[in-house]
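Novice: Sequence:
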Amino acid sequence: MSAVLLEIVLPIAVLAVLAAVLPLVLMPRSNRSQAVLRHTALITGVILLLVSGLIFVVLHLAAGQPVLGAFQVAPLPTVWYFLRMGLLSAIVWAPVLALGWYGLAQRIEQLKHLDQMREDDR
Numbered sequence: 032m033s034a035v036l037l038e039i040v041l042p043i044a045v046l047a048v049l050a051a052v053l054p055l056v057l058m059p060r061s062n063r064s065q066a067v068l069r070h071t072a073l074i075t076g077v078i079l080l081l082v083s084g085l086i087f088v089v090l091h092l093a094a095g096q097p098v099l100g101a102f103q104v105a106p107l108p109t110v111w112y113f114l115r116m117g118l119l120s121a122i123v124w125a126p127v128l129a130l131g132w133y134g135l136a137q138r139i140e141q142l143k144h145l146d147q148m149r150e151d152d153r
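The sequence shown begins at 32 in my numbering and counts up by one.
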């Protein structure tokens with residue numbers, strides 16, 4: 032049971048939490064630009080891809096596979112393999128990132144609307 036927790040549940044939980052938290056941390060609180068939000072989502076996606084690839088490296092190392100040797104013998108195919116594995120894990124973190132992006136986009140539009148109402152009152 033502990034192997035399932037360490038090899039499946041923990042990585043999924045880490046990726047889901049990062050997908051939810053990173054956009055909030057990376058985007059300025061006073062942002063009112065959808066372009067800044069798109070850049071934030073793109074940067075978050077790249078970070079999540081790299082972190083998920085790194086998680087797969089750690090899992091392969093924990094399983095006793097010669098990952099470091101593979102990096103020495105064939106670095107580019109090995110990096111591509113782990114990036115592809117990280118991309119496959121997007122099935123977990125991409126929907127969380129998309130929901131966060133949608134919520135932040137709504138918040139930006141709400142802030143813009145409130146700013147416009149304040150300006151109209153003047």
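None of these hints come from the bench; they were simulated from the model.
Predicted, not measured: the structure shown is a model, and the values here were computed from it.
The beta-carbon is built from N, C-alpha and C at its ideal position, and this holds for glycine as well.
Each hint should be verified, as a subset may be incorrect.
As the list claims (entries may be wrong) - Simulated restraints, written as ranges between beta carbons of each label pair: (1) His144 to Ile78: 27 to 33 Å; (2) Val52 to Ala94: 37 to 43 Å; (3) Ala121 to His70: 39 to 45 Å; (4) Ala66 to Val40: 33 to 39 Å; (5) Met148 to Leu37: 27 to 33 Å; (6) Val110 to Val35: 36 to 42 Å; (7) Ala47 to Gly95: 23 to 29 Å; (8) Ser33 to Gln96: 15 to 21 Å.
Novice: Lying within 23 to 29 Å: is that true of the beta-carbon distance alanine 47 to glycine 95?
Specialist: holds (27 Å)
Novice: For valine 52 and alanine 94, compare the CB-CB distance with the range 37 to 43 Å and indicate the outcome.
Specialist: Between valine 52 and alanine 94, where Cβ atoms are some 28 Å apart, the hint is violated.
Novice: Taking 36 to 42 Å as the hint, is the beta-carbon distance of valine 110 and valine 35 inside that range?
Specialist: violated (28 Å)
Novice: In this structure, is the beta-carbon distance linking alanine 66 and valine 40 contained in 33 to 39 Å?
Specialist: Holds, since alanine 66 and valine 40 (Cβ atoms, about 36 Å apart) stay within the stated range.
Novice: Could one say that the CB atoms of methionine 148 and leucine 37 fall in the range 27 to 33 Å?
Specialist: Check failed, 51 Å falls outside 27 to 33 Å.
Novice: Tell me if the beta carbons of serine 33 and glutamine 96 are separated by a distance inside 15 to 21 Å.
Specialist: Distance hint for serine 33, glutamine 96 holds at roughly 20 Å.
Novice: Do the beta carbons of histidine 144 and isoleucine 78 sit within 27 to 33 Å of each other?
Specialist: holds (30 Å)
Novice: For the pair alanine 121 and histidine 70, does the Cβ-Cβ distance stay inside 39 to 45 Å?
Specialist: Since the Cβ atoms of alanine 121 and histidine 70 sit about 19 Å apart, the hinted range of 39 to 45 Å is violated.
Checked against the numbered hints above, the structure violates hints 2, 3, 5, 6; every other hint is satisfied.
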